[in-house]
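Protein chains: 2
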Amino acid sequence: MSYTAPVKDLLFAIEHLAQIDQVAQLPGFEDAGLDTAAAVLEECARFNQDVIAPLNRVGDEHPSSFQDGVVTTTEGFKQAYRQFTEGGWQGLQHPADFGGQGLPKTIGAACGEVLHGANLSFALCPLLTDGAIEALLIAGSDALKATYLEKLVSGEWTGTMNLTEPQAGSDLSLVRTRAESQKGGTYKLFGTKIFITYGEHDMAENIVHLVLARVAGAPEGVKGISLFVVPKFLVNPDGSLGARNDVHCVSIEHKLGIKASPTAVLQFGDQGGAVGYLVGEENRGLEYMFIMMNAARYGVGVQGIAVAERAYQQAVAYARERVQSRPVDGSSSASSTIVHHPDVRRMLMTMRSQIEACRAMASVAAAAYDAAHHHPDAQIAKDSAAFYEFLVPLVKGYSTEMSQEATSLGVQVHGGMGFIEETGAAQHYRDARILTIYEGTTAIQANDLVGRKTARDGGQMAKAVAARIEKTEGELLASGTPAAQAMARELARARAAFVEVVDFVATQTRSQPNAVFAGSVPYLMLSGMLVAGWQMARALLVAQQLSAKGQDVAFMQAKIATAHFYAEHILVRVHGLRDAVVLGGDSACALALDAF
Amino acid sequence: MSYTAPVKDLLFAIEHLAQIDQVAQLPGFEDAGLDTAAAVLEECARFNQDVIAPLNRVGDEHPSSFQDGVVTTTEGFKQAYRQFTEGGWQGLQHPADFGGQGLPKTIGAACGEVLHGANLSFALCPLLTDGAIEALLIAGSDALKATYLEKLVSGEWTGTMNLTEPQAGSDLSLVRTRAESQKGGTYKLFGTKIFITYGEHDMAENIVHLVLARVAGAPEGVKGISLFVVPKFLVNPDGSLGARNDVHCVSIEHKLGIKASPTAVLQFGDQGGAVGYLVGEENRGLEYMFIMMNAARYGVGVQGIAVAERAYQQAVAYARERVQSRPVDGSSSASSTIVHHPDVRRMLMTMRSQIEACRAMASVAAAAYDAAHHHPDAQIAKDSAAFYEFLVPLVKGYSTEMSQEATSLGVQVHGGMGFIEETGAAQHYRDARILTIYEGTTAIQANDLVGRKTARDGGQMAKAVAARIEKTEGELLASGTPAAQAMARELARARAAFVEVVDFVATQTRSQPNAVFAGSVPYLMLSGMLVAGWQMARALLVAQQLSAKGQDVAFMQAKIATAHFYAEHILVRVHGLRDAVVLGGDSACALALDAF
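Residue numbers (the numbering used here), protein chains in the order written: chain A, -1 to 594; chain B, -1 to 594.
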């Protein structure tokens, strides 16, 4: 099944919702306007459709394999990765100082969707490299930057994040890997890390592991964790590769999905200690790791949108082709393609509308990131940062939960054929299943939303978002079309539910934490649906204006219909979520623990 | 991961909700009271826990295999199947005249849940045999009954349902397999059938295929389809096996789940024609097939409950054992088992409460089936039949959709470990995915609910159910406890939503069929949640009474807490579904077909 990058919809979001023209006014982004976005995205689409997407199925059928410490990726991956690096795709968002293209996230994230849509397993490798680059940029010494950044930005070397240990998953305070300080300022690391994506592979000549570990004598808990660079091969002063470091892959996992991407168990220090280089200061590792994790969380949200889009495209293709049963309205006495059947249309619209809504939300978040990092006005930068921070758990949490529903519907549209692996619909369903888990489960995102993003500021940022939504409702009402009216009505109802929940969270987290945290995931889902729906409302307004001007009318009418559907089928789900949060906190925790 | 049959909860439903005492007053079921139910279920639990459940994982890891027309099932399956037949488990619900035990469905269906919970793949074989028995009982000639029924009821031979062809899935009007009438009253069949569960295997010496085909000259469409028995081996007059019939397995599928159960492509008549025997009359095949399919649909609903229960047990075990993070309420400064965390509890309760609710609904439906078939009062039998018929799409549709959510949550509770196949949580997720597809997709169930079960009688049966629910609300209010009040409130709100939707469906199906059918699945989900919730409300009332009497207090308190949770977290979902049906019919079908 081929993949067509949704360039048009990405550019619609970039132009009209993320407002690339404003991004292009930020210092350093002068050349990054709509034309650049379009040119980059079209090239990106061509490359990924032609080179990366065809490897998606074969990667599932012939996963990475492990033997004697060596991981061999699926045939074709190594060659494709070389083309990826040669095209400069790894450096898209990274600074020109280190060989990158220095494009805004508003463009880079859109390219990310295309890469992930083409091949989730393949795309994980660059995603992790992005994280390593981010960490070094923020906290690496000049020496570390000089040694590693260019190679990472070019993609010649790849990066990993080594957080998890058997006893330490969501709870990093339990990390036990230890680092012993050596003469000359280096460290030796000892320990076992699990679930390391692309922790070992054959696509690049070196792998730069970013590793959480405890220096001897460090405080217990999260305040005693440091971050280290541990390269697979040590790097000589002239930049050439030196000795093999004492970090070894002992096995890879047999997984439900994303099978082509090797998930490694790494053993550090079995032969005397793995040489590590401290990133930043001792005991501040978690702080740095969170910075890089935040980027990765956003990226995983985009993965959700991407795999849902791919599942949607495949479902549409099947629904257009499969002939089965007569139309329920009696409009034909012959069996028709199933895309005519109302329930199939409802399923496809459920996928489509949420994909477009999440894409719009992610695009707006990316623009906020760019403003946060580049706006010359400190207050605007600060506000943008707060807005972005509020959006990250929604982009990660809601888009990935959405991807489970969308890929499941993708299977369902195929009927019995969807359950047969050869069809390929099931792969998306299996691949997507990791997205609500890694880089922080949905509950971890929801804890972040409740704690750091809502309770901490007493719900101020959440209320500010609600106020902006209310403004959009006014514009919808002023427009007065049936679709706009329906959207205004459902947006207002959903916003009211949101405000009620925000008040509950802001005022009750201290006094009844169990009840509030029992509602954290419903709160996240409610918020995600609302904020994504708000972007669909903005899209609807734009589409109405452009359609009235005769601009790309079919596309604009489709956008209006899709937004209308979102209002009446997706936004309406928030009320049950509101009830669950506001009414259900006690009943969620009422069952005696030994009664489960 | 071991499996413990939920005998206690099954008996609670059988005793207090299905009211086995009333079933035991039906002619022929005099000995089938609570004591019998308990004795049979306990024996059933023992057998399935010890013999069948341990084969679940191995069947996933080493699926049935195909070579040269021969299917070899997973090692251990053949031996276990022999024990299954020796124990008389196939004949549980079938007439004593043919060697069965003649137990009511109220007991048989509970045993079914245990068998399916132990091993979904294994249990499919007996499930399909049940269907074949049902069809022969209803429409088979005395000769067919004499030849096949005893062997099927004992399980010595197994049965299959041959409906699907490559071009004919949900739409059986497109069946092309043809039957040519022969001298002596037999037929010769020619054609290809796909997706035939246990269409070929090595567990029994003969396989009795029930096959839909067209007799030459039959009318087009569904009115020209006949039903045939096509045995793998012809049967001699003395009952011994004769020549190999001309039906051959040409391949089996590579599936997402239920991998141990072979899904066959069967070729009929490549060597001169497969000998077939007409069941009932020509051209009435679909009618008979629907009878047997209705039994199978109920059975698939029970599969949903069963696999969800198994996923729940595994998730609970992991949550009790896995230590990660401190409690959010600050009650401990040490990391605790994750079952303490509110979101994990919410997930487990979401699984548990829906499992218990669906189980209660299925049990009540089984009792209605028994009354429909055995009650001496014709009016009561007729009413019970109508009630059962109304419940079948809910048991099938809602329980199986629920199983997708529950098994997904089962993965989620495991975090990263859930994505690793060795853990086993992913198997339930994969296995469950077929349940909303086979024996009629959720949309097919929903069409049945809209068309035959609601629009046809103008919503009368649905309204009668609503009236019974209202009565339960009165009892809840009279009880006055917080849990009962919460349940009464949410039940009343949900019932109002249901009545609104029923009115919409009953009045608009003719005038705006597309809008109504676009809401068919939300209507089904709403109805299932409500009716299952109603049974949880009844359970709550019983549990309050028994708890007050000091009877099994821990169990009863758990039931109350679980029902309370269901009211505030599950029943509240119906309002979004109501909105989708009543508001969203037009927007579901508004997108131009070429815009997808």
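In case anyone wonders, no lab produced these hints; they're calculated from the structure. Some clues are possibly wrong.
Remember, identical chains collapse to one label, so a pair may be satisfied in a single copy or spanning two.
[As the list claims (entries may be wrong)] Simulated pairs of lysine to any residue, SDA-like, Cα-Cα distance not exceeding 25 Å:
hint : residue 1 : residue 2
1    : 186       : 214
2    : 380       : 461
3    : 221       : 330
4    : 221       : 329
5    : 380       : 324
6    : 181       : 249
7    : 143       : 545
**Prompt:** Which numbered hints are broken by the structure, listed smallest first?
**Reply:** 5, 6, 7
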